[in-house]
Amino acid sequence: MSAKTLRTTARTVVIALILALFLFPVYWMITMAFKPQPQWAPTTGETYWFPESPTFGNFKRIFGGEPTDESGLGFLTSTPIDATDSIITSLIVAGLGTVLALLVGISTAYGISRFRAGGKLLPFAILQLRMFPPIAVIIPILFLWTYLQLNDTYWGLILIYGAVTFPFVVWLMRSFFDEIPREIAEAAIVDGCSNFGAFRKAILPLVKGGLATTALFVFILNWSDYLIALVLAGSRVITAPVFLSQIRSASTGVEFGSQAALALILILPPVILAIAIQKHLVRGLTFGAIKR
Amino acid sequence: MAKIELENVWKRFGRVEAVVDLTLDIPDGSFIALLGPSGCGKTTTMNMLSGLLQPTSGEIRFNGEVVNDLHPGKRNVGFVFQNYAIFTHMSAFDNIAFGLRVVRKQPAETVEREVERVAELLDISHLLEQRAADLSVNDMQKVAIGRSMITNPGIFLLDEPFSNLDAAFRAYMRAEMKKLQRELRQTMIYVTHDQVEAMAMADHIAIMDLGKLQQYGTPDEVYNSPANRFVAHFVGSTTMNFLPAELGATDGSLELRLPIPEARPIVLEDGSAKLLDEKGERGHTLGIRPEHLELLDPANERADARGTVLLVEPLGARNIVHLRAGEIDFRVVVPPTIRPRVGDALGIELERKYVHVFDDMTGKALR
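Keeping their order, the protein sequence lines are chains D and B. 125 is the number that this note's numbering gives to position 125 of the first sequence; each next residue is one higher, with no gaps. In this note's numbering, each residue carries its 1-based index in the second sequence increased by 292.
Read the hints as simulated data drawn from the structure, not as lab findings. Among these hints, one or two may not hold up.
What the hints assert, rightly or not - Calculated lysine-lysine pairs in the DSS-like style (CA-CA distance at most 25 Å, straight line):
no., chain 1, residue 1, chain 2, residue 2
1, B, K295, B, K366
2, D, K279, D, K208
3, B, K397, D, K201
4, B, K645, B, K470
5, D, K201, D, K279
6, B, K366, D, K201
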């Protein structure tokens with residue numbers, strides 16, 4: 001074996017090991033979702049690396065199906081549950097929260113990039129919103145939300161999701177705007193566009209790759225939030241991650257199989273979105289406005 | 293078609309004075325170059341003409357009408373940027389059509405006809421369907437020119453449009469622009485830091501430095517009668533020679549003594565002595581272009597000074613000889629047939645009628 005093939009092989013092995021490490025939980029979740037109850041909660045202490053006799057029972061369970069009692073251990077004692085509402089709730093609050101963050105964030109980013117709005121300090125003032133842990137502010141926000149009667153409402157979650165992801169939008173989009181020469185907008189203005197027209201017709205099409213990436217990033221953050229949804233909502237408005245954490249039965253405790261099934265469903269929207277905007281994820285495609 | 297007047301125009305950015313009290317009359321249909329080093333205020337002036345910037349004070353008039361606050365899109369100007377500012381997400385056609393289609397909402401047939409007309413003029417008809425991002429730099433700049441031409445602007449502003457192009461294409465585009473301007477009879481203002489470009493293309497050159505207009509005149513005027521030392525230095529492909537000189541007058545003639553041992557005083561007999569009257573004892577500098585010096589045999593009695601050759605730069609069409617006389621270095625432009633060797637002793641003669649004299653205090657040319 002030459003030194004070169006050796007190096008290639010070694011590299012492949014290392015990459016495979018790292019991938020295995022990171023993908024194992026995903027594998028575990030996927031297989032768990034299809035395991036019948038005796039295999040995800042074996043009383044024998046046996047470990048099932050692969051589901052024997054795979055079943056859709058866990059999926060049926062989280063969408064209101066009668067829990068099947070394959071073990072005779074008393075699943076029947078738990079009440080039927082349905083995750084549909086929580087998934088719709090999550091789609092609404094995470095989606096609209098993302099839209100809100102994008103609307104405000106993109107305008108802010110363009111203002112900062114093109115007009116230096118807010119001077120040198122504003123971008124950092126916005127960034128520092130992200131610098132303390134959410135847990136530190138979530139209780140004061142709970143008081144505020146209760147006072148504003150936003151607690152446990154759709155709007156309450158949409159607003160807070162928009163607010164916490166807004167700094168990401170500003171910082172990501174600003175770097176995309178910075179890469180566009182100011183002459184692009186100026187050319188459009190001399191041709192007769194207003195400032196906004198130049199932004200919409202000449203600038204936005206150039207950053208649509210960056211915009212798609214930012215939107216996906218922000219959506220994933222909102223979609224996967226647990227803490228905020230748990231504290232600021234959770235009785236009437238229940239998001240999917242909160243719902244997921246509460247799947248349990250009297251007899252078995254936490255229902256890992258059903259949780260895995262719901263988790264598998266919950267990773268689908270980000271994955272589908274990522275595939276849909278794949279070509280935009282490769283940043284830089286659109287940044288050839290100036291040939292340097 | 294438009295004539296442009298700038299009257300006492302100032303532009304300040306905070307405490308920085310980018311343009312200082314600029315007054316300029318640009319006749320309809322003329323080709324003007326705004327010439328100066330970077331940071332001299334020429335691009336700021338351009339942006340005020342296009343409307344992208346508002347002057348801090350003063351008036352800008354197009355055809356007698358004040359346009360200070362008029363939106364750029366309503367000024368009927370075309371603007372070509374140094375870095376093209378092409379919309380890379382569109383085809384060449386869509387780029388050129390932008391002003392008519394997207395902004396002025398013209399019907400499709402009109403747009404198509406106009407784009408084809410412009411593309412014909414610029415010889416880019418075969419590129420129209422290509423994505424702008426895939427075009428070569430040269431073609432991009434043509435598309436950019438096309439885009440600003442499409443609305444038939446009365447004023448055409450070009451901000452160093454060719455400085456990113458390769459030398460051969462630059463020369464070609466220069467000639468094309470000049471031709472185009474003659475055909476369309478538009479008022480064209482051309483910003484450049486390249487004096488060769490300005491001299492070659494423009495009817496009039498406005499030379500700026502530190503935000504101030506230094507001189508406004510024909511290429512001939514700025515070359516042969518520079519208003520001050522800056523202009524004299526900036527214009528000319530081989531920089532003018534500047535020598536410290538002591539002024540004196542003898543019977544109506546001006547006498548310039550150079551700090552070179554055994555140099556003859558330069559006597560100007562054309563009434564220049566009157567320059568001295570008011571100027572008193574200030575220091576002065578003599579300026580003479582390298583092409584207005586003649587190399588002579590050191591024994592020749594016409595020689596004003598004598599020196600030794602330091603360096604010869606053969607440029608093909610001409611040679612530049614660097615000569616040291618006393619403490620002073622001269623650059624002399626000579627035909628390619630004259631090629632002295634380093635170390636040769638040579639005489640040097642200054643052509644009297646091309647001698648310039650500058651006041652050291654103000655930099656102003658006395659002659």
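Outcome of the hint check:
1. B:K295 with B:K366: With a Cα-Cα distance of about 16 Å, the restraint between K295 of chain B and K366 of chain B holds, given a limit of 25 Å.
2. D:K279 with D:K208: Holds, at about 11 Å.
3. B:K397 with D:K201: The hint holds at about 14 Å.
4. B:K645 with B:K470: violated (32 Å)
5. D:K201 with D:K279: Given that 25 Å is the threshold and the Cα spacing comes to 21 Å, the pair holds.
6. B:K366 with D:K201: holds (18 Å)
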